[in-house]
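There are 2 protein chains.
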Amino acid sequence: MPEFNKRQGVKKYLITGFSGFVGRHFLAYLDQLNEPVAVLGIDRGALNFDLEVFRNLHCSFKKADLLQGHEWEHLIEEFAPDYVVHLASFSSVAFSWVNPISSFANNTNVFLNLLEKVRKVNPKCRILSVGSSEEYGACGLDQLPLTEESTLNPVSPYAVARVSQELLSKVYVDGFGCDIVMTRSFNHIGPGQLDTFVISSFAKKLLAIQLGNTEPVMLTGDTSIVRDFVDVRDVVRAYDHLLKHGRSGHIYNICSGTGVTLKSMIDQMAAILGIAVTQEIDPRLVRPNDNKAIIGSLKKINDEIGWAPRIPLDTSLRDILDYWRSKSVA
Amino acid sequence: MPEFNKRQGVKKYLITGFSGFVGRHFLAYLDQLNEPVAVLGIDRGALNFDLEVFRNLHCSFKKADLLQGHEWEHLIEEFAPDYVVHLASFSSVAFSWVNPISSFANNTNVFLNLLEKVRKVNPKCRILSVGSSEEYGACGLDQLPLTEESTLNPVSPYAVARVSQELLSKVYVDGFGCDIVMTRSFNHIGPGQLDTFVISSFAKKLLAIQLGNTEPVMLTGDTSIVRDFVDVRDVVRAYDHLLKHGRSGHIYNICSGTGVTLKSMIDQMAAILGIAVTQEIDPRLVRPNDNKAIIGSLKKINDEIGWAPRIPLDTSLRDILDYWRSKSVA
Chain X
1 MPEFNKRQGV KKYLITGFSG FVGRHFLAYL DQLNEPVAVL GIDRGALNFD
51 LEVFRNLHCS FKKADLLQGH EWEHLIEEFA PDYVVHLASF SSVAFSWVNP
101 ISSFANNTNV FLNLLEKVRK VNPKCRILSV GSSEEYGACG LDQLPLTEES
151 TLNPVSPYAV ARVSQELLSK VYVDGFGCDI VMTRSFNHIG PGQLDTFVIS
201 SFAKKLLAIQ LGNTEPVMLT GDTSIVRDFV DVRDVVRAYD HLLKHGRSGH
251 IYNICSGTGV TLKSMIDQMA AILGIAVTQE IDPRLVRPND NKAIIGSLKK
301 INDEIGWAPR IPLDTSLRDI LDYWRSKSVA
Chain L
1 MPEFNKRQGV KKYLITGFSG FVGRHFLAYL DQLNEPVAVL GIDRGALNFD
51 LEVFRNLHCS FKKADLLQGH EWEHLIEEFA PDYVVHLASF SSVAFSWVNP
101 ISSFANNTNV FLNLLEKVRK VNPKCRILSV GSSEEYGACG LDQLPLTEES
151 TLNPVSPYAV ARVSQELLSK VYVDGFGCDI VMTRSFNHIG PGQLDTFVIS
201 SFAKKLLAIQ LGNTEPVMLT GDTSIVRDFV DVRDVVRAYD HLLKHGRSGH
251 IYNICSGTGV TLKSMIDQMA AILGIAVTQE IDPRLVRPND NKAIIGSLKK
301 INDEIGWAPR IPLDTSLRDI LDYWRSKSVA
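As they're listed, the protein sequences go chains X and L. Last residue of the first sequence? That's 330 in this note's numbering, and every number before it is there in order. Last residue of the second sequence? That's 330 in this note's numbering, and every number before it is there in order.
No lab work stands behind these hints: they were computed from the structure. The reader is advised that the hints may include incorrect statements.
A short, non-exhaustive set of chain X residues, derived as facing chain L with CB atoms under 8 Å [claimed, not checked]:
(1) PRO100
(2) PRO154
(3) SER156
(4) ASN213
(5) PRO216
Note that beta-carbon positions come from the ideal geometry of N, C-alpha and C, so glycine has one too.
The following block holds chain X by itself, in its conformation from the complex (with noise of 0.2 Å):
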């Protein structure tokens, strides 16, 4: 670490959540720019891959639990970040229903802990805030796209909690000079996503109907509801062009800016995979305050700095089979 902090012209990232899905894209991105990057992660769950794959990164990491301020603070000022990358998240909105006060804090409370340690020691580092289009929440389909002056109404523990860190990130850049780029990120898909999220367990279904492992029958929630589907490479593309090039106190919409149905998102896995799936709905499956249609507006992000989704649909699709085939056979 001590050396990088005298070489000219590398940035430092700190990334925090870094064994998550986003952290591991956000590295491989980081690699491919063959900059002078350094990266600290961190993460309260242990390394979960190799870090030695990111050939162009000098890359390093810690175990650490941001609500055990002992166990990180120091790191801030140590690596003196240029940007920090604030992944840490607990982000299931499932989760927040049956464990408010964990959800809460392991959200709010982290941030919180982080931005004043970074405004004590290093306020020139520039944060990046991870947030939900579930702050939208309930919204009718006449405010469709939603854009980033669109009314919120979060409706879930989790979505209230990624709303507080929003409002605390406003007022740690109004009052007290802290350099924040906010975000409202929409459904992130990719390869190498956990499969409590819809997209990738409906691939991994359709993999194991492939394989001959189950019986052709897809049972799902309300599949008529609209989404907006945005590849994981592109979010995190968004991510680092903010960081360089978004405004200070400012909100973006990461987004396709295009809403697609979920049963749709099934019918285009299964003609890629060639086969005939019949679709049932699960009672249990179906959730009582979901929203019918949550799609939403990327025209300030490409306005200001020029980022659109650059990945098409079909091809997210084919790289989630692809990568749940490779668990598959692995």
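Let chain X serve as the given structure and place chain L on it in line with the hints.
Okay, now just chain L, sitting in the frame of chain X:
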């Protein structure tokens, strides 16, 4: 406690932040109702007044920190309140700038702990969630008077915590079926308020001038700002009416509907005391981000439950001055 649990018609109030300014006035209000009421007060500080003063109440106290579940959670089961009046808070905006983590934890986390316990063991209990006009934050003069539909733009860590509390309340009502009434309470005044609050500090200073203990010069911040002051005794009456008649999941402004400059408050108190004072601005006391004017609309609470303030401003100011006189003599 047990005998009260068996008696019919006794309404049981659990009051958090019991030892505070509002808590004592709430007790006085309940006492003069002369109805069968049992009160259990909890506070992280020691009891600082004599419970025997309230002759018509069955009143008990338990010292407990709401962040420490083992100190109080059993009380929700044992006392089985009909109403929880959640007055506990770190209500200083200034403190929230100095120690955002402690302020946030002692507002948001405390409230979430309370919600979770009530939800799990006593979900029929009605909770009064006290919010603040600070939630409105930065607003233009064209937005006055502020209604419950006005945009929230919180500008301090304290204000963000209050917005978070309100959003969590809505989620607990809509998602868990809890029974919560929310307020946005404007600037309280009244006898017994700490001199860290502006009107109370002015009154104390003016009395010292009258008594000849100090020069007749008031060093203040910007006294041209306009605020909506409401007597704490009117506030606690609103709280009890909302517990009995407010709609779950709804937010109610508690305000006078009238704006008064701080300068006018000083002038009125000086006139009551029959003294002449010189006002001087101390630039260190001018808050850079202070709103020029904050005035609320009380239409909703007035339409729905018929509440409006009853205590004239002149009475409030005389009682505040009498309070400080009694303290200076004592």
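Hints, verified against the model:
{"no.": "1", "hint": "PRO100", "verdict": "holds, 6 Å"}
{"no.": "2", "hint": "PRO154", "verdict": "holds, 6 Å"}
{"no.": "3", "hint": "SER156", "verdict": "holds, 6 Å"}
{"no.": "4", "hint": "ASN213", "verdict": "violated, 37 Å"}
{"no.": "5", "hint": "PRO216", "verdict": "violated, 35 Å"}
Hint compliance for this structure: hints 4, 5 are broken, all remaining hints hold.
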